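There are 2 protein chains.
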Amino acid sequence: MRAILHRPSEGYAESVRNEPVGILGGIGPMATVYFMQRIIAMTDASRDQDHVDMLVWNHASIPDRTAYLLGSSDENPGPVMAQDARELEQAGARFIAIPCNTARAFLDEVREGVDIEVLDIVGETVSAAQAAVPGLTTLGILATDGTLRSRIYHDTATQRGLTPVEPDDDVQKDVMAMIYDGVKAGMPVSRDRVDAAVAHLRAKGAQAIVLGCTELSVLRTDVGLDDADVVDSLDALAARTIELAGGRLR
Amino acid sequence: MRAILHRPSEGYAESVRNEPVGILGGIGPMATVYFMQRIIAMTDASRDQDHVDMLVWNHASIPDRTAYLLGSSDENPGPVMAQDARELEQAGARFIAIPCNTARAFLDEVREGVDIEVLDIVGETVSAAQAAVPGLTTLGILATDGTLRSRIYHDTATQRGLTPVEPDDDVQKDVMAMIYDGVKAGMPVSRDRVDAAVAHLRAKGAQAIVLGCTELSVLRTDVGLDDADVVDSLDALAARTIELAGGRLR
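Protein chains in written order, with our numbering: chain A, 15 to 264; chain B, 15 to 264.
Simulated from the structure, these hints should not be mistaken for lab results. Heads up, some of the hints might be wrong.
Identical copies go unnamed one by one, so any copy, or any two together, can satisfy a pair.
Computed list of lysine to aspartate or glutamate pairs in DMTMM-like fashion (alpha-carbon distance at most 20 Å, straight line) [unchecked claim]:
(1) 218 - 183
(2) 218 - 182
(3) 198 - 62
(4) 198 - 134
(5) 198 - 58
Since the structure is predicted, the reported quantities are computational estimates derived from the model, not experimental observations.
Next up, chain A with everything else stripped away, as it sits in the complex (with noise of 0.2 Å):
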């Protein structure tokens, strides 16, 4: 799909639109989804013609990332999202953001394989949380126990002179029975139960706590968790999005 000629509305006169942005998706579907749906919500839209025009490549097929992440199936996604990166951008997307953090793993192959940029969720993480909170030097990190054993989160911290704190075995047993448990299996969880991990984090030194998985994102705006310490990584990329964009932030 070619690049389509915005026709901005008065506020954007100054703005430079750099759409359609390319969405990488479906892993998993419903991630995407919730993705797309933040981008709508964290626009300041008084109409539909406001809003960021978005490129989605809801790939659900695509091989599952964990089982090739612990070697438990020979099934590469690596290759796969790496022509899906070329299929949006010779359909017209101007950047690529991919609303996942496992697949973080693949991001070096899925940038060689296109000339375009294609964000990065930990990066953009980590940045949003260097922003929230001035001086930042100590990070907590609240994902599942694949992404703490990947370490992308931790490198990053460390790249920038943070150093990360993950939780206690015990806290991490039920972060991942927050996501497992609850999130993706359709029950509710506590408010209590995320804030008893949030204030763990806490006591262990972290100013700020990113919520680097999906199913904490969707658990986030269950609860109604805004502690301004507390950032989200799909939020953190989907501003990044709309920003790049030329969108405006609400």
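Since the structure of chain A is already known, use the hints to place chain B on it.
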């Protein structure tokens, strides 16, 4: 984007997958997100890969449909929609769904531009009503003033030998208030008001009632309306989309 060789799970052994589905969306952007959500929720899936692959052009900047149809703007959205459909086809879409009742007015123009099938939201909705109520003869219509005036539901009903009925003026005024002052304005609407409009059409002889407006689809979910004789246009389109894609309906 090329057609994807879908890897079916065991339960799909006999089914033919017909993907990716092309979604010509953005009119409005949130209706498209809601439509994707319904496709995902209505698909019987035990893992990401059982879901339908979707190519989505969430093209928010398409000129205002209602303004053009009512003559208050001369920016014609028809050629833009036809071009979007061609782009979805070139990108590999196997057929196209347009999650918008107002846009139905441009269906012929969109269909002329492509060789693949473009679903008719109105036709699918009336078919769903006929399937829901065997022996249906009188069809009630809840929609905007504009959709009633365009007579897209009336005409399709008449072609199928059905008698269309619409609300009396005072009830129609409240339907418009539920859509504009309620859903579009983000204000709650009581279940009683929805029930009253439905009861009014039943009293006028309707054996089935179609919700021919995205905001009414959202409202139906919000108030938890699940009467078997009330047929939702977005759900009817979502069901047909899943079926035609080779997905499994829940």
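Comparing the hints with the structure gives:
Taking identical chains as interchangeable, the C-alpha atoms of residue 218 and residue 183 lie at most 20 Å apart only when both belong to the same chain, with a minimum of 13 Å there against 64 Å between chains. With identical chains, the CA atoms of residue 218 and residue 182 are at most 20 Å apart within one copy only, with a shortest distance of 9 Å there and 65 Å across copies. In this assembly of identical chains, residue 198 and residue 62 lie within 20 Å of each other by CA distance solely across copies; the values are 12 Å between and 32 Å within a copy. In the homo-oligomer, the alpha carbons of residue 198 and residue 134 never lie at most 20 Å apart, since the shortest distance is 24 Å inside one protomer and 34 Å across protomers.
For the homomeric pair residue 198 and residue 58, the shortest alpha-carbon distance between copies (15 Å) is at most 20 Å, but the shortest distance inside one copy (30 Å) is not.
In summary, the structure is inconsistent with hint 4 from the numbered list given earlier, while agreeing with all the others.
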